[in-house]
Structure formats: structure tokens, C-alpha cells
Amino acid sequence: MPASNLHKWATLPDPTPADLTRAAAGDVDAFTTIVERYQGMVYSVAYNVLGNHTDAEDAAQEAFLRCYRKLAQYRSEATFSTWLFRLALTASVDYQRRERRRPEPVEIPDIAGGEPELGDGISAATLTAALHDLPDDYRVPTVLRDIYGLPYQEIAELTSRPLGTVKVMVHRGRASLRLRLQAERGL
Amino acid sequence: MDCSYFRSRLNQFVDAELGYLEVAELQGHLSFCPDCAAELAQLSEVRGALAAWGEVELGAPLGFVERVAAAALESKPGTVQLGRVVGDALDALDETLGRIPLPGGRTIPVKNLLGYGIAATAVIIQVERYLRRMRELKPS
Chain A
2 MPASNLHKWA TLPDPTPADL TRAAAGDVDA FTTIVERYQG MVYSVAYNVL
52 GNHTDAEDAA QEAFLRCYRK LAQYRSEATF STWLFRLALT ASVDYQRRER
102 RRPEPVEIPD IAGGEPELGD GISAATLTAA LHDLPDDYRV PTVLRDIYGL
152 PYQEIAELTS RPLGTVKVMV HRGRASLRLR LQAERGL
Chain B
36 MDCSYFRSRL NQFVDAELGY LEVAELQGHL SFCPDCAAEL AQLSEVRGAL
86 AAWGEVELGA PLGFVERVAA AALESKPGTV QLGRVVGDAL DALDETLGRI
136 PLPGGRTIPV KNLLGYGIAA TAVIIQVERY LRRMRELKPS
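One line per chain: the protein sequences are A and B, in this order. For the first sequence, the numbering used here begins at 2 and goes up steadily by one. For the second sequence, the numbering used here begins at 36 and goes up steadily by one.
Since the hints were made in silico from the structure, they are not lab data. Check each hint, because a few of them may be wrong.
Said to hold, decoys possible - No more than 25 Å apart at the CA atoms, straight line, and that leaves these computed lysine to any residue pairs for SDA-like: (1) B:K146 with A:H172; (2) B:K146 with A:T127; (3) A:K71 with B:R134; (4) A:K71 with B:A154; (5) A:K71 with B:R167; (6) B:K146 with A:P163; (7) A:K71 with B:A87.
Said to hold, decoys possible - Residues on chain B that point at chain A, a partial pick, calculated with CB under 10 Å: (8) S66; (9) D70; (10) S110; (11) P144; (12) E171.
Predicted model, so just to flag it, every value in this text is computed and none were measured. Note that beta-carbon positions come from the ideal geometry of N, C-alpha and C, so glycine has one too.
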């Protein structure tokens with residue numbers, strides 16, 4: 002199983018209990034502080050699941066609104082960032098199931114901290130274009146499995162598909178990406 | 036065994052889903068088959084790139100925070116909206132009751148079963164009403 006990227010977000014500093022209490026009571030200013038801190042994480046999840054900026058913004062907004070409404074239910078068994086990360090994943094997958102994907106040309110996202118190192122000859126532009134071109138049925142489970150390291154069973158539950166189907170979709174998604182990246186590098 | 040047998044197992048290998056003997060068998064094949072070894076290397080590279088991409092934080096669009104704050108203001112807790120109340124109740128039900136496993140690894144939330152039950156009851160009531168009306172209209 003790949004290392005889960007949940008661990009990265011789990012290291013973000015949590016809001017103080019006082020901030021959480023105020024936001025849960027409906028204080029929009031306290032809630033806005035939370036949005037400012039976690040907007041990158043939530044937007045990244047939505048963009049990776051949905052593959053375009055317009056849908057990603059809608060889904061990220063939906064995730065934060067769910068967070069606002071459910072804050073009173075948050076229990077500190079998980080870190081706040083892990084809890085919010087799960088909300089962002091669920092909101093994005095729900096959005097993908099509910100809404101028709103809007104056709105949109107590939108646009109390279111703004112990356113905090115400059116061009117990342119993804120591997121030999123693989124640029125962010127190449128990878129995002131390859132992910133963008135995958136059919137939704139392949140992209141969503143592949144993103145959940147290989148970008149976020151979710152177990153297959155959890156992906157099956159999130160996407161309401163049989164376990165075997167999810168595995169086949171991930172395998173095909175990986176195969177498509179492999180061939181695409183090979184072609185891009187002229188191998 | 037030919038290469039297609041081993042290639043079909045590469046995904047299970049990288050997902051750590053093969054047993055000890057299957058891993059040994061695959062590794063034995065990879066040690067003398069450069070094509071299968073190359074495919075495994077490429078597969079691992081794709082997964083590595085995806086995992087690295089997951090560490091990247093993307094910048095939300097300008098004005099995103101303000102738009103979320105405005106939407107939050109509209110749905111401030113305490114403002115009673117029927118849809119939200121029903122949605123929250125269903126979510127709470129979902130979290131409490133969990134999911135029901137179905138054959139083939141599929142699971143469905145218990146709340147969906149309740150929904151199907153309500154829909155089926157509505158259909159039965161309508162059919163029963165229709166049949167009763169037909170009986171009333173029938174000339175005796």
C-alpha cells in the first residue's frame with residue numbers, strides 16, 4: 002500500500018479549541034480563519050479528484066460549508082486537518098457523482114512552493130494533463146488510491162462501486178497514465 | 036507461464052496483495068525478463084509521481100476565502116433550512132447505522148435502504164388506490 006498523503010495534512014497545525022468553539026457557534030470570522038489556513042489542502046483535494054478548476058472551486062466551497070455545519074460534531078479523536086481532509090474527499094466525490102463534469106481546457110494549477118520534483122522527466126504539467134484526460138471512472142479511484150493512499154475498500158464505499166470494479170479501474174488508470182507518460186517522454 | 040500471467044499480477048504486487056509464494060514466483064520471472072521488469076519500473080514510477088503530486092499544495096483561486104465566508108454567512112447555524120435539517124439528519128443516521136455489505140464487495144448506506152423502503156411503500160399505496168378506483172368504476 003502506498004504511503005498515505007494524509008500524514009502530510011495531519012501535520013498542519015490545528016486551530017485552537019477556542020477558534021473551533023467560536024466557529025461551531027456560528028462565528029464567521031473564526032470560521033474564515035480556518036478557511037484561510039486550510040484552503041490549499043481542500044482545494045488541492047478537490048482539484049485532483051475533479052480535474053478542473055471550476056468544479057474544484059465549487060466542491061471545495063461545498064466541503065468548507067459542510068465543515069461549518071458539522072463543526073459541532075467534530076471530536077478530537079482525529080486531528081482537525083485529517084477530519085477536514087476526509088470531508089474534502091467526500092464532498093469532491095459526491096460532487097463528481099452529482100454533477101456532469103464541465104469540459105475545460107487543461108490549465109496548470111498554481112503551485113505553492115514552485116515546480117515539484119515528480120520523477121525523471123515528469124513535470125507537473127505533464128502529469129496534470131495526463132490525469133485530466135483520464136475518464137472520470139478511472140481518474141477518481143486512481144487519485145484516491147495512488148495520490149491519497151486510500152484502501153480499496155474505502156474507495157469502493159466512497160464511490161459506491163463494487164470492490165473488484167474499483168481495482169480494475171485503478172489498474173486501467175495506472176496503465177493509461179504509464180502509456181501516456183511514456184509517450185510524452187518519447188520512450 | 037508466459038509474460039501475460041506475470042504482467043496481470045504487477046498491480047497486485049505494487050499493492051502488496053500477493054502472498055509470499057506468489058511474490059517469489061514473480062520475482063523469479065522478473066530476474067530474467069527485462070520487459071516485465073521494465074513495466075514494473077514504469078508502474079512504480081507512475082505511482083511515485085502520483086504520490087509526490089499528492090504532497091503538492093495548489094493555490095486556491097483569488098477571492099476564494101471571501102466567497103466561502105459569504106456563503107457561510109448565508110447558511111449560518113441557527114438559520115433553519117428544511118433541506119439542511121433533513122440532510123444533517125440523514126448524515127447522522129448514516130454515521131450511526133453504518134453500511135450494509137452486499138455481494139461483490141459493494142456496500143450501501145442503511146439510509147438508502149430506508150429511502151428505497153419509503154419509495155416502495157409509496158408505489159404500493161398508489162397501485163392499491165388505482166386498483167380500488169378500478170373496482171369502483173367497474174359496472175356491477
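To see whether the hints hold, each was checked on the structure:
1. B:K146 with A:H172: violated (31 Å)
2. B:K146 with A:T127: Not OK: K146 of chain B and T127 of chain A at ~42 Å, beyond 25 Å, violated.
3. A:K71 with B:R134: holds (20 Å)
4. A:K71 with B:A154: violated (28 Å)
5. A:K71 with B:R167: violated (47 Å)
6. B:K146 with A:P163: Holds - the C-alpha atoms of P163 of chain A and K146 of chain B are around 18 Å apart, at most 25 Å.
7. A:K71 with B:A87: Judged against 25 Å, a Cα distance of about 31 Å means the pair is violated.
8. S66: violated (22 Å)
9. D70: D70 of chain B check fails; min Cβ-Cβ to chain A is 13 Å, beyond 10 Å.
10. S110: For S110 of chain B, the interface hint holds, since the closest Cβ of chain A sits about 6 Å away, which is under 10 Å.
11. P144: This hint holds: P144 of chain B lies near chain A, its Cβ roughly 9 Å from the closest one there, short of 10 Å.
12. E171: Violated, because the Cβ-Cβ distance from E171 of chain B to chain A comes to roughly 43 Å (cut-off 10 Å).
Hints 1, 2, 4, 5, 7, 8, 9 and 12, counting from the list given before, are not met by this structure.
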